[in-house]
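Modelling step: build the complete structure from the supplied sequences, incorporating the hints.
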Amino acid sequence: DGGITQSPKYLFRKEGQNVTLSCEQNLNHDAMYWYRQDPGQGLRLIYYSQIVNDFQKGDIAEGYSVSREKKESFPLTVTSAQKNPTAFYLCASSSGRGGNTIYFGEGSWLTVV
Amino acid sequence: GDSVTQMEGPVTLSEEAFLTINCTYTATGYPSLFWYVQYPGEGLQLLLKATKADDKGSNKGFEATYRKETTSFHLEKGSVQVSDSAVYFCALQAVKAAGNKLTFGGGTRVLVKP
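Chains as they are written, first to last, in the working numbering: chain A, 1 to 113; chain B, 1001 to 1114.
Keep in mind that the hints are not guaranteed to be accurate.
Computed list of lysine-lysine pairs in DSBU-like fashion (alpha-carbon distance at most 35 Å, straight line) [stated by the list, open to error]:
#1 B:K1113 / B:K1056
#2 B:K1052 / A:K57
#3 A:K70 / B:K1096
#4 A:K9 / A:K70
#5 A:K9 / A:K57
#6 B:K1096 / A:K9
#7 A:K9 / A:K83
#8 B:K1113 / A:K71
#9 A:K71 / B:K1056
#10 B:K1096 / A:K83
#11 A:K71 / B:K1096
#12 A:K14 / A:K71
None of these hints come from the bench; they were simulated from the model.
What follows is the structure, encoded as structure tokens:
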């Protein structure tokens, strides 16, 4: 089936550790995105990539890093510099053209203790 | 900058009641507008969209009309079911937005009781 796969679904980490969230899509989409959702709040854009080997900061990029070495993959690393990393992380993709739908994965819950 | 404002929830309804969730936006030009739905513990699913003024998006009994004059995109459903309980997000995609990114409202939680 075509879609966006995020893993792991649930992740627990100790404070001070880096953690990488995986996102893979088989929709042949050019653009990929990472959003963060805090409880009871809307989504905020962390990073996006419109093409392989290129990515741009979103509204809340501090403490995060990404790579886009392959079209289908866009992993997100939550570094120890991120002050409040506990959140629900959503990966998304689209064809990259304006007006086209952005599709979301099932999300990853990260809890830092 | 671009922004989306939704009515705050939670909205609690009885089954078969009429649902309206208000959404207004601020953007330059004529953005594309979207409604997404999020069921508990899941990602977002596109519910409907409209890409130009006066367009009506519809899906699963939900409707929303792109109103340029009032910069609104209110979501409506005539008869809700318990299975419609979810969080609903209004979003816009600005013309020439960097990366065609979406700007979201804060979400409205809807609870439908039997």
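Now the hints, each set against the structure:
no.	hint	verdict
1	B:K1113 / B:K1056	28 Å, holds
2	B:K1052 / A:K57	28 Å, holds
3	A:K70 / B:K1096	25 Å, holds
4	A:K9 / A:K70	22 Å, holds
5	A:K9 / A:K57	24 Å, holds
6	B:K1096 / A:K9	33 Å, holds
7	A:K9 / A:K83	21 Å, holds
8	B:K1113 / A:K71	44 Å, violated
9	A:K71 / B:K1056	34 Å, holds
10	B:K1096 / A:K83	32 Å, holds
11	A:K71 / B:K1096	22 Å, holds
12	A:K14 / A:K71	31 Å, holds
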